[in-house]
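A.B. asks: Please construct the entire structure, taking both the sequences and the accompanying hints into account.
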Amino acid sequence: MILGYTQGMQVERISDTYHHITFSDGDEVFLIGTAHVSQDSVAEVAETIDRENPDRICVELDATRLSNKTKKQSWEETDIRKVFREGKGFLLLANTALASFQRKLGAQTGAKPGDELLGAIRIAEEKGIPVSLCDREIQTTFRRAWAKSSLWNKCKLLSTLISAAFSNEEISPEELEELKKQETLEGMLNEVAKELPSIKEVLIDERDIYLATKIYNAPGHKKVAVIGAGHTRGVISTFEKLESNAELKSTEELDTVPKSSGWGKAIGYIIPALIVVLLVVGIAMNGWDQGLRTFLYWVLVNAGGTLIASIAAAAHPINALCCAATAPFFALNPVLGVGMLGGILEATFRKPKVKDFEMLNDDALKLSGWYRNRILHCLLVFFLSSLGSILGTFVAFPLLISRL
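Yeah, the sequence shown ends on 403 if you go by numbering that gives the first Met the number 0, and it's all consecutive.
Wrong hints could be hidden among the right ones.
[As the list claims (entries may be wrong)] Calculated lysine to aspartate or glutamate pairs in the EDC-like style (CA-CA distance at most 16 angstroms, straight line): (1) Lys-354 / Asp-288; (2) Lys-221 / Glu-11; (3) Lys-221 / Asp-26; (4) Lys-221 / Glu-51; (5) Lys-213 / Asp-26; (6) Lys-248 / Glu-200; (7) Lys-240 / Asp-204; (8) Lys-213 / Glu-251; (9) Lys-68 / Glu-136; (10) Lys-213 / Glu-27; (11) Lys-147 / Glu-252; (12) Lys-248 / Asp-207; (13) Lys-126 / Glu-46; (14) Lys-126 / Glu-51; (15) Lys-354 / Asp-78; (16) Lys-213 / Glu-136; (17) Lys-213 / Glu-239; (18) Lys-147 / Asp-254; (19) Lys-240 / Asp-24; (20) Lys-350 / Asp-78; (21) Lys-126 / Asp-49; (22) Lys-221 / Glu-27; (23) Lys-213 / Asp-61; (24) Lys-126 / Asp-54; (25) Lys-147 / Glu-239; (26) Lys-68 / Asp-361; (27) Lys-221 / Asp-24; (28) Lys-213 / Glu-252; (29) Lys-221 / Asp-49; (30) Lys-240 / Asp-207; (31) Lys-147 / Asp-61; (32) Lys-248 / Asp-204; (33) Lys-155 / Glu-136; (34) Lys-221 / Asp-54.
Calculated from the structure, these hints are not laboratory results.
Remember, it's a predicted structure, so these values are computed and weren't measured experimentally.
C.D. replies: In structure tokens form, the structure reads like this:
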């Protein structure tokens, strides 16, 4: 079915997941929208490449994800302590939860996440067809999403990913194929846009532009492009804009991680400043004895919250005590974080082993796995100790005010 023409561009919809696009210069793209854990998608990609015999294959992958999927040792070379030192603990936590969710769906449908993408690359190697990796680097995408999200949206994103990873809900292959239909996808994306607008912008809208631009500019006159079904309409829309020379964000711009907003930085300093002000005012109004008691309340509440959270995470005893002792002081410094210290110390006291890397994806599917696997356990200690200190800070506020 011909959907229409734009500046000489023709879009033919073969099915919900398959479009044949002819550009004004005669170049062609066979666009396949897949579910990344669907056996049908794997077969459809292979059949399309065999039938069309393209001169280039474009896939929704970046170099880092391709390496992670094909080179087992890449995970084993990860220095978990360096991840925490660089402030990427929450990014790794979100990435792990998302990968766990995809793996669980794959276990239900019989396909590993990204099998259709790896299948396309494997066929390309067999036939000697060049391949273009057209997606943005996964770390850039997560860092842009994180930088553009408010604290509340970050919490909602993490809670959504973690709850999805631990959910026992089953999905059948038929239901998965239903999710590839355009009207179903649009409804889901609209819901995401309402709840997490900045996340939808970065994960979907920006990558629509990025993928389409890379596919459009890739060498070759006859290309097969394999992308997630959720990007199909956005990629076609971007093709139309590229054909009409409309102004779009460049891939260089989309590869840049925005700096934290002034308000975000200000909040990081305002909360510690308010606590310090309350402590100083307490001393000025009630004298040193009463002021020191107020400070002691602050230390006990913040340290207590962190200690309880660290124990709940089954942190190493020395680590739990170190986190509790430093939390009241780290909470007054927006640069430092007790979770960073907790993650680094846990990885030091209980150094991850090769089997932890090998079992990472399987262990992430079960809550017990997060305690058993040393990599996941470091993330758990990082997250819960951070949460304990944050809750301790908010609980301490009314107590400090009541002491004035």
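A.B. asks: Verify the proposed pairing of Lys-213 with Asp-61, using a straight-line Cα cut of 16 angstroms.
C.D. replies: 11 angstroms, holds
A.B. asks: Taking 16 angstroms as the top limit, are the C-alpha atoms of Lys-147 and Asp-254 close enough?
C.D. replies: Holds, because 14 angstroms separates the two Cα atoms, which is no more than 16 angstroms.
A.B. asks: Compare the distance between the alpha carbons of Lys-350 and Asp-78 with 16 angstroms, and conclude whether the hinted pair is satisfied.
C.D. replies: With Cα atoms ~10 angstroms apart, Lys-350 and Asp-78 stay inside 16 angstroms; holds.
A.B. asks: Regarding the pair Lys-221 and Asp-49, is the alpha-carbon distance no greater than 16 angstroms?
C.D. replies: 13 angstroms, holds
A.B. asks: Check the hint pairing Lys-126 with Asp-54 against an upper bound of 16 angstroms on the C-alpha distance.
C.D. replies: The hint holds at about 10 angstroms.
A.B. asks: Verify the proposed pairing of Lys-248 with Glu-200, using a straight-line Cα cut of 16 angstroms.
C.D. replies: It holds: about 13 angstroms lies between the C-alpha atoms, which stays within 16 angstroms.
A.B. asks: Are Lys-240 and Asp-207 close enough, with their CA atoms no more than 16 angstroms apart?
C.D. replies: 12 angstroms, holds
A.B. asks: Is the straight-line distance between the alpha-carbon of Lys-147 and that of Asp-61 16 angstroms or less?
C.D. replies: Not OK: Lys-147 and Asp-61 at ~22 angstroms, beyond 16 angstroms, violated.
A.B. asks: Holds or violated: Lys-213 and Glu-27, Cα atoms, limit 16 angstroms.
C.D. replies: Holds, at about 14 angstroms.
A.B. asks: Taking only the CA atoms, is the gap from Lys-213 to Asp-26 under or equal to 16 angstroms?
C.D. replies: Holds: Lys-213 and Asp-26 sit about 14 angstroms apart, inside 16 angstroms.
A.B. asks: Hey, Lys-68 versus Asp-361, does the alpha-carbon distance stay inside 16 angstroms?
C.D. replies: 15 angstroms, holds
A.B. asks: Checking one constraint from the list: CA of Lys-248 to CA of Asp-207, max 16 angstroms. Satisfied?
C.D. replies: Holds, at about 11 angstroms.
Consistency note: the structure conflicts with the earlier hints numbered 1, 25, 31, 33.
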